[in-house]
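K.L.:
Sequence:
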Amino acid sequence: MDPAVALLCLEQRDRSLESHTRDFLELACLTHFPNCSLCVFYISSLSKRSRARLPGSGPRKDFAAFVEWVLVSNNSPFTVSPAEDDFATSPTPLAEASQPPPTNVATEMFHVPTADRGGEPAAMDEPGLRTRSDGTIAPEHTSQQVLYEESGWYHTGITAFQNYKECVQQLNLSRLVSVSMDGPNVNLKFFELLQSDLNEMYGGAQLVSVGSCGLHTLHNAFKAGFSMWQVEKLLRAMHILFNNVPARREDYVTVTNSSVFPLSFCGHRWLENLPVVERALEVWPSLQLYVDAVKRKELPNPGTGSYDTIEATQKDPLILAKLDFFATNARTFDPFLKRYQTDEPGDVILQQFEALLTLECRNEEFLSFQPMVKRLDTFLCGCLSRAYPVAWAFCQKLLLLSHGQASVERGFSVNKEVETDNMQEETMIAHRLVCDYVDLHGGVTKVPLTKELLVSVGAARSRYRIFLDQQRARKESEAGTQKRKLAEEYLTDLKRKKTTVQEVSTCLAREADMLAEEAEGKSGSKMAQLLSKSNALRWASKEKLAELKKG
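For the sequence shown, the positions run 1 to 551 when UniProt numbering is used.
Think of the hints as simulated: they come from the structure by calculation, not from any bench.
Some hints could be false.
Computed cross-link-like contacts, DMTMM-like style, restricted to lysine to aspartate or glutamate with a CA-CA straight-line distance of at most 20 Å [to be verified]:
| hint | residue 1 | residue 2 |
| --- | --- | --- |
| 1 | K223 | D334 |
| 2 | K526 | D513 |
| 3 | K475 | E511 |
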């Protein structure tokens, strides 16, 4: 069972509070719930007797303190306290108990996620507990020793750090500024060990932490820096105002004598919007002429949100300075992006690879290569290292990376090329199929115009009309189905109300008969009271029946 599900299903019932707390802490270290959630789950799992002894709500912000508070309130000898060896560096709570542990368990570790770890199991960093013969759970080793001796989960991070130390032992690490990582949370343990090692070697020296991925960090930092100016709102409005609106584009060309229009803004790759900002600076004077013509009523007012945004921005005297500042910052990071995020650095590799295929791969050495006799990397090194150094450097990386997600990430870039506003999934897939087919033939001009292709293009309009008819029929069918569903629900509700009224009327009549029978054995005022109640109930029953007939 998943640890999170097991944690939610755990209940104390008839077990002791100590045993229940022990099981709860074991499951808590395997989940990623925040402290406040763990406190709620823990108190919900307690028995009524344990909860009745609690004097209040307790410290919900710190799970370790909350568990300690529950134990103290129940007069339990079981305690939760920080490890002595690692208290200065880790707030991980450790469990201590005066009762002996099970005989079949040599070592037990209890870890509670802490707030500063973001809900991660504290055992990742300092699992420093051992069970002693006297039954008290207490630390006996430093955290790094226990990582080697007891934890088999995180040897990979330590091994990677040791291999890294062997590779860079000839370098002066005091000049190391930072390390970069790809993905949201990769090699964080390695980075933590490296920080600790540099702190000891160079008297408190620390690396600059720029996050997990440099590209993500740059894009997000750039986005955060310009969010206050709302530059993206203006750039989007400039493009949307004239995009796919021929009449408005014609008015713009007539007034400005310019056929240059704004480019589309990409909201998730800010640093790649340098051409967009440069084009915006280029067309801004022409755009002002267009807005002035609209104000003079020489042109019709578009009456759109994009036009209102441009008109409001025109009143900002610093808008050109803001756009220039945007462009300057984007140019600063442009070389970094070209090197790590575009295909331009691969042009030399392609040229050398094509030359290799043309000149070298037809000689006798390539034809007689036997992979079972000679290593592939040794063979390629002799053929590529001198004549084609750039291609060989790429080949080295390719041989090292036997797996990865390059094809998937490349697909994201292709999607960005064909993506436009309001594009649905089917349209995106169709665009990708067209792009892949064009790439297969080496360009648009090399695509063969077959008879089937011409017939398909000729029938495109009719297929589009058929698709619209199908969509219209589907919507009408859904509307009819929804109407029938509402009618059925209304009818069901009426039947339910009818049944309820009948039951109430029958119950009132039954009670009236019972009161009348009871009145027969009475006399005086008691009989009069019973008959009065019986008549009232019978009258109410008749009213319900009349209401039912009217309905």
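K.L.:
Next, verify each hint and record whether it holds.
P.N.:
Hints, verified against the model:
Proximity of K223 to D334 is assessed by CA-CA distance (about 15 Å); at most 20 Å being required, the pair is judged to hold. With a C-alpha separation of about 16 Å, the suggested pairing of K526 with D513 holds against the 20 Å cut-off. As the CA atoms of K475 and E511 are separated by approximately 54 Å, the hinted pair breaks the 20 Å bound.
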